[in-house]
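Protein chains: 2
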Amino acid sequence: MDWKLSSRPHHTLQAQIVARITERIEHGDWAAGTRLPAQRELAMRFGVNRSTVQAALDELKADGLLETRQGSGAYVSGSAWNALLARSQPNWQRHIRASVHRPNRHTIRLINESEPDPSFIRLGTGELSPELLPAEQLQRSLHDLKLDARTLGYSEPLGSLRLRSAVRTRLEGLGIHAQPDNICIVSGALQALQLISVGLLEDGSTVFHESASYLNSVHPFQSAGMRMLTFRPGSDVQERLARAGRGRQSLLYAVPALNNPTGRSWNEKERKTVYDACSDLRIPIVEDDVYRDLLFAPGLPPIKASDSSGQVLYLGSLSKSLSPGLRIGWIVAPSPVIARLADVKMQTDYGSSAFSQEIAAHWLESGLYAHHAEQLRSKLQARASFAEQALHDRLGEFADWQTPEGGFYIWLRFLHPIVNKGFFRRLLDRKVLINPGYIYAPDDLHHIRFSCAYASQEEMISGLDILREEVIRSLSNPNR
Amino acid sequence: MDWKLSSRPHHTLQAQIVARITERIEHGDWAAGTRLPAQRELAMRFGVNRSTVQAALDELKADGLLETRQGSGAYVSGSAWNALLARSQPNWQRHIRASVHRPNRHTIRLINESEPDPSFIRLGTGELSPELLPAEQLQRSLHDLKLDARTLGYSEPLGSLRLRSAVRTRLEGLGIHAQPDNICIVSGALQALQLISVGLLEDGSTVFHESASYLNSVHPFQSAGMRMLTFRPGSDVQERLARAGRGRQSLLYAVPALNNPTGRSWNEKERKTVYDACSDLRIPIVEDDVYRDLLFAPGLPPIKASDSSGQVLYLGSLSKSLSPGLRIGWIVAPSPVIARLADVKMQTDYGSSAFSQEIAAHWLESGLYAHHAEQLRSKLQARASFAEQALHDRLGEFADWQTPEGGFYIWLRFLHPIVNKGFFRRLLDRKVLINPGYIYAPDDLHHIRFSCAYASQEEMISGLDILREEVIRSLSNPNR
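Just so you know, the sequences run in chain order B and A.
Per this note's numbering: the first sequence ends with 480, consecutive numbering throughout.
Per this note's numbering: the second sequence ends with 1480, consecutive numbering throughout.
FYI, nobody ran anything at the bench for these hints, they're computed from the structure.
Take these hints with a grain of salt, some might be off.
Straight-line distance between alpha carbons at most 27 Å, and here's what the computed BS3-like set of lysine-lysine pairs gives [stated by the list, open to error]:
id, chain 1, residue 1, chain 2, residue 2
1, B, K146, B, K61
2, A, K1431, A, K1421
3, A, K1431, A, K1379
4, A, K1421, A, K1004
5, A, K1421, B, K146
6, B, K379, B, K4
7, A, K1421, B, K379
8, B, K379, B, K431
9, A, K1004, B, K61
The task is simple: from the sequences and hints, build the whole structure.
Shown next as structure tokens:
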């Protein structure tokens, strides 16, 4: 909305505010049931006193356009709608409530909405700080792109052959032998999960994942009606999978290298136990390997590299290591599976950005990517050391954690179960954004996912100072 | 697969072919049930005689790795799988058959798979010929992009504010008054339909569309379990919608300007009839307006421009007029609807390519787009005239059509119902790709969607010569 009010004398500020809000309602921008911003926010945005806003809202309430709900501010009135408009508009809220896809959890939506606001200190963000993104090199590399007209058309179902060939070469280096028709380019690994969900699973299938899991913070499987169950890569995994998955289609999702959110990598034994169990039970494994290039020291090869039976669907991405804005990732799988997923992708978005695919291919082919990834790893390692010291100084008495082996995250464990929604909100009010453990493991009130990759040193210190204060506050009043 | 065989004397060509195919099966690239390419294709690819291929396949059949199905070639055998592999792989075909998302119809998959092959003459393709894409200007414009590091991160849920502002300005010019929070950037209009489908409709909702409809060639609603019903923008529309939609959530989809596939635009009366009916019944309208910039003469404004009740969801795109490879489109809707769709998009692919968004914003802001669109319209008009003359000369006695008012398509109507799957396949075998009417209207055997926008003049002539021959063949033997 245009927040700037005019200062012409015959339009009072109050009348102008009334007109602006009425206009939004008339145009259907604010539908029945929409909650208005808080009075203090409206006052700030319009640049007027709060009393002027209050008077305007009172007028709108008197006209029946707004209504108050106890303790939670002003809403666009449902009943008054018809009075204002000649015709009624569709009941959007009912549409939204009844629809197929689940809404993001409230905390996750608050995080998504707050992240673009630069006034927040982001202590948990799962992406690289702008200073770690090779913006200048990317800009320069645009000059080297040779766009030919064919590449600007609709993509082939599997994605650009040039990019798939570059990915194939990269996979060879990891011990994965794939052909271009075993590779489908996707708009990031999240889209890969979405395609697998609707393209390979039936309604009511079981998806196994670790108990603290990225899959709890996004819902590609839940929204398609899958049943989510946890497993641990321990000796009883086969029994668990067999018992829980009985009679249903199943799939197992894992991030064996640098798990999100815990930062842990599976050891040789854990990998073998899970792979063998899945082999015996014919359960496909989705190996989400998007953090691989951020391992500080070379780790174990991907599970896919020793997959002799084609049961591993392997996911890679440039989002964590080059630029999330590229939206480029890939799935590696047997060719009939790839053909199926590509078919679903064609029905979903007709392929990924040709520009992004050209840039990605250029970076992989030219060595720009390998060089950048090497520098990035050492910068991330330096950040991790700094973060550990800062955590030790400020939270050492309240929490413990493992030294990270790569990637972005430290899975901070508080000794007391203080990380609840109130804790998150208090920090949000103080402009510190954390990723609480409960968005990854619903019953977890002990952890937060701390990211070393986003906040600057100064921000980290200020953020941790505030975090410390709120920890102390929670501990001194456990009922909050 | 690596098709190049070595000429070392101790590896016969037959043994090498056996080894290559075995390897593909072992790696799970060719799963049980996969159909092998035809013998003549394998022979061509390997560069050997067909008899060598046949001998290799016979050997693989004897080993139980392949099996023959009568009249349809060689398949990877299901039973032999276990013999070859120590462990069995997941039954991918079962996964695929049982999964949530519908496969594309066979004809559509054949079209998608054949389009990238340059040996085909594409008479129906719904995209601009490479020569109509401004590849050079796009390449040059990359030099003017200023990528800052923030734009390379994950997108805001609604998409880049810069691009939304540029879209907003464009919408103003069409009489649509929107705010940036009424706009969500999507990866093309097809993704918009996908988001609307899972974000605003419940399972079993009714989606109304015209009888020849783009929605029959993609399945964003069908795959989410919606019931598809047709309507006509005639005087009985209200009755039809009321009767058929009774007791269910409904939505109406239309392309009022230059419908795909018919190329028709609604007149004033048709627009009003549909809008009023939907208003009365509170049925949201999806106005798919992706062809607007290709109208040869200014048409009626978008329905959205006179939508006083916020019931129209408006879709725009740069795919038809600038570059499909950009994958950039937008949805315009009331802000609670936009917030919901953006939330679903964040769960689907975390936003569209930042690079594509920057390029799109730059083209819209700088006037490059407006200038290009103007030139494109006159080129398309010239192509349409040429196509009409060529059609008249070759098919004038067999078919009729309306002179196009813009866009890509001529909805060619054959006087006899000859456009069946056999007709399509015969043309496919002769390397002429058409878009038969039955992919847009299942019972239609009269039409093909002829596109003026893709084939060159020479290709159009050669393609139409072949088309004419096949038409005559069909007419002389109506039982084919």
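Hints versus structure:
Of the supplied pair hints, the one linking K146(B) and K61(B) is violated, its CA atoms being roughly 60 Å apart against a limit of 27 Å. For a cut-off of 27 Å, the pair hint linking K1431(A) to K1421(A) stands: about 15 Å separates their Cα positions. Restraint check for K1431(A) and K1379(A): satisfied, since their Cα atoms lie roughly 26 Å apart, inside the 27 Å limit. The straight-line distance between the Cα atoms of K1421(A) and K1004(A) is roughly 35 Å, outside the 27 Å bound, and the hint therefore fails.
Annotation: proposed proximity of K1421(A) to K146(B) is violated, straight-line Cα distance about 40 Å (limit 27 Å). Between K379(B) and K4(B) the CA atoms are separated by roughly 44 Å; this puts the pair beyond 27 Å, and the hint is violated. For a cut-off of 27 Å, the pair hint linking K1421(A) to K379(B) is broken: about 59 Å separates their Cα positions. Distance restraint check for K379(B) and K431(B): the Cα-Cα separation of roughly 26 Å lies within the 27 Å cut-off, and the hinted pair is therefore satisfied.
Proximity of K1004(A) to K61(B) is assessed by CA-CA distance (about 78 Å); at most 27 Å being required, the pair is judged violated.
In summary, the structure is inconsistent with hints 1, 4, 5, 6, 7 and 9 from the numbered list given earlier, while agreeing with the others.
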